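The hints should help you fit chain B onto chain A, whose structure is shown.
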Amino acid sequence: MTLLQARGLTKAYGPTPALSGADFALRAGEVVAVMGPSGSGKSTLLHCLAGIVRPDAGTLTYDGRDLTALSDTARSALRRTDFGFVFQFGQLVPELTCAENVALPLRLNGEKRKAAEARAVEWLARLEVDGTAGKRPGEISGGQGQRVAVARALVTAPRVIFADEPTGALDSLNGERVMRLLTEASRDTGAAVVLVTHEARVAAWSDREVVVRDGAVRDPERIA
Amino acid sequence: MPSGQLYKVRIHAVYSDAMSIGHTLLGLLESGPRHGYDLKRAFDERFGHDRPLHYGQVYSTMSRLLKNGLVVVDGIEPGGGPERKRYAITDAGITDVAQWLATPEKPEPYLQSTLYTKVVLALLTGRAAAELLDTQRAEHLRLMRELTRRKRDGDLADQLICDHALFHLEADLRWLELTAARLDALAAEVRR
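Top line first, the protein sequences correspond to chains A and B.
The C-terminal residue of the first sequence carries number 224 in UniProt numbering, and the numbering is unbroken.
The C-terminal residue of the second sequence carries number 192 in UniProt numbering, and the numbering is unbroken.
Extracted from the complex, chain A is given alone in its bound form (with noise of 0.2 Å):
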């Protein structure tokens, strides 16, 4: 089943062309890599697919919505509740333990805080970082920091998952553990998963792959 569908879409920072008619889909439950070399527009797609970012055109249909037609708040909504976020920095808050950050986005939905907790260090323990549970982001690795960001952005059993370069900061082993821990906890819940890389070794945990050049998408798949 197609869970997030994009056609022709295109988005122009001032005089640049970041996307130019993308097109793009996502089946549920599948892990796609979005590679392409820097500046070919990887990241936009990936932001407009999330609705951080409104494309200047095209459509973008999400569980059978058209995304482009929501409210700014029911689009923040829909990222509270269907989708979890992945950053290359994690994107820790530093004032908050590493069981609160993973804790947040379960607050921001509602849930006692005493609960929300509870499941933060459930995940904590699944991404095997159980021990950074009452520790700041600034006390921790990494590699530990990356692993915490990839719990706090399945604690609310997300639909997708959208992970932009999320081992781009570690070394090979640290970024290995996470992209096993990410695709087995994805695979566990359901989630898909899309991945935006530029490294090869990366992308080669994901189901398939879409290549972005000069904003547009190429599909091996359909290639071949």
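Everything labelled a hint here was simulated from the structure, so no lab data went into it.
What you are looking at is a predicted structure, and each value in this text was computed from that prediction instead of being measured.
Take these hints with a grain of salt, some might be off.
[As the list claims (entries may be wrong)] One-sided and incomplete, this derived list gives chain B residues near chain A with beta-carbon spacing under 10 Å:
1) His-35
2) Arg-84
3) Ala-130
4) Arg-137
5) Leu-143
6) Met-144
7) Arg-145
8) Arg-149
9) His-164
10) Phe-167
11) Asp-172
12) Ala-181
13) Asp-184
14) Ala-185
15) Arg-191
[What the hints assert, rightly or not] The following label-pair restraints were derived from C-beta to C-beta distances:
16) Thr-2/A to Gln-57/B: 39 to 45 Å
17) Asp-130/A to Phe-167/B: 27 to 33 Å
18) Asp-56/A to Glu-189/B: 34 to 40 Å
19) Phe-167/B to Asp-207/A: 19 to 25 Å
20) Ala-57/A to Ala-102/B: 33 to 39 Å
21) Glu-189/B to Leu-108/A: 54 to 60 Å
22) Asp-153/B to Ala-169/A: 26 to 32 Å
23) Ala-188/B to Gly-131/A: 54 to 60 Å
24) His-54/B to Ser-141/A: 57 to 63 Å
Even for Gly, the Cβ is constructed at its ideal location relative to N, Cα and C.
Structure of chain B alone, referenced to chain A:
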């Protein structure tokens, strides 16, 4: 057999398998009929560098292509022996080159020589070199996925063996990516 010698034999075997001389000669014939010695010179100039073709290889390859209907004898120079035959590619030959160019190579070490030849020939014959690179990239990633799965389900020995192969494939992919970025420059060079 000493390991150094074994290594050389292995490289040689891979090169011999990977570099399809027949297809390369056919591709060179697409621009017009040529004599055998002319074909050898064109091959050595573009692809021979440190491994020029022997005349014997050219004539045995052309005999095979002739037998398979991929080339025809277009003319014979007066007083000529077999070396004076002029060969022309047939429609079947053109189809054969197109199929070879469109088929991804099995990802393995020492592949660059074949891939370089394919890219240059695609540019020389006006075919889509970027698509050839994309097709190859997809084939490399397919194998990388297979190795990643094997690594995920395997023991430490499996992981180490797969890691080695994955790093080599990744190097190939970086070469493919860089070549794709340099296609315009390469096209200009080839047409000069």
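Checked hints:
no. : hint                               : verdict
1   : His-35                             : 38 Å, violated
2   : Arg-84                             : 44 Å, violated
3   : Ala-130                            : 9 Å, holds
4   : Arg-137                            : 7 Å, holds
5   : Leu-143                            : 9 Å, holds
6   : Met-144                            : 4 Å, holds
7   : Arg-145                            : 5 Å, holds
8   : Arg-149                            : 9 Å, holds
9   : His-164                            : 12 Å, violated
10  : Phe-167                            : 8 Å, holds
11  : Asp-172                            : 9 Å, holds
12  : Ala-181                            : 7 Å, holds
13  : Asp-184                            : 13 Å, violated
14  : Ala-185                            : 15 Å, violated
15  : Arg-191                            : 23 Å, violated
16  : Thr-2/A to Gln-57/B: 39 to 45 Å    : 53 Å, violated
17  : Asp-130/A to Phe-167/B: 27 to 33 Å : 32 Å, holds
18  : Asp-56/A to Glu-189/B: 34 to 40 Å  : 38 Å, holds
19  : Phe-167/B to Asp-207/A: 19 to 25 Å : 22 Å, holds
20  : Ala-57/A to Ala-102/B: 33 to 39 Å  : 34 Å, holds
21  : Glu-189/B to Leu-108/A: 54 to 60 Å : 57 Å, holds
22  : Asp-153/B to Ala-169/A: 26 to 32 Å : 28 Å, holds
23  : Ala-188/B to Gly-131/A: 54 to 60 Å : 58 Å, holds
24  : His-54/B to Ser-141/A: 57 to 63 Å  : 59 Å, holds
Checked against the numbered hints given earlier, the structure breaks hints 1, 2, 9, 13, 14, 15 and 16 and satisfies all the rest.
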